[in-house]
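Participant: Sequence:
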Amino acid sequence: MRWFWRCAGLLALAFGLVGVVLPLLPTVPFLILAAFCFARSSPRLHDWLVAHPRFGPPIADWRREGAISLRAKRLATVSIAAVFALSIVMDLDIRLLAVQGLTLLCVLLFIWTRPHGNRLTLPSDDQI
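Position in the sequence shown counted from 1, then plus 1013, gives you the working numbering.
Calculated from the structure, these hints are not laboratory results. Even for Gly, the Cβ is constructed at its ideal location relative to N, Cα and C. You may find that some hints are simply not true.
Label-pair distances were calculated between CB atoms; the ranges are [to be verified]:
#1 1057 <-> 1031: 16 to 26 Å
#2 1019 <-> 1114: 32 to 42 Å
#3 1104 <-> 1056: 43 to 53 Å
#4 1024 <-> 1060: 13 to 23 Å
#5 1060 <-> 1014: 18 to 28 Å
#6 1024 <-> 1101: 25 to 35 Å
#7 1060 <-> 1114: 32 to 42 Å
#8 1066 <-> 1112: 11 to 21 Å
Sequences and hints are given; from them, build the entire structure.
Facilitator: So, in structure tokens, the structure goes:
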């Protein structure tokens, strides 16, 4: 079972790293998932990720207080709005738009009801 958690952690970490450069792919949720998976498979990888100077603080904020940085909240809001606007432009069925809109609204409500935490920024491209 350890190999499953390790593979899942590596995949989540890969998605998190890609999310650093692709604005519509979130970084922090994948890093949190990677830390969760590594905690079950590889103490060495878990400790490395949690202690990482750029990726560790948002994981610590989430663990300590369930916090999402203000910058991450803003970025998520813009990304969600862009995805929904693209769906409208693509002329998707109104029922699908309604389901998507309700789902995205629930995601935004979840994001914006979390505390901001101590950290106000995500890692930028030049910090990695």
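Participant: Take the hints in turn and mark each one as holding or not.
Facilitator: Evaluated hints:
1. 1057 <-> 1031: 16 to 26 Å: holds, 23 Å
2. 1019 <-> 1114: 32 to 42 Å: holds, 37 Å
3. 1104 <-> 1056: 43 to 53 Å: holds, 50 Å
4. 1024 <-> 1060: 13 to 23 Å: holds, 19 Å
5. 1060 <-> 1014: 18 to 28 Å: With a Cβ separation near 20 Å, residue 1060 and residue 1014 satisfy 18 to 28 Å, so the hint holds.
6. 1024 <-> 1101: 25 to 35 Å: Between residue 1024 and residue 1101, where Cβ atoms are some 31 Å apart, the hint holds.
7. 1060 <-> 1114: 32 to 42 Å: At 41 Å between Cβs, range holds.
8. 1066 <-> 1112: 11 to 21 Å: violated, 40 Å
Hint 8 alone, counting from the list given before, is not met by this structure.
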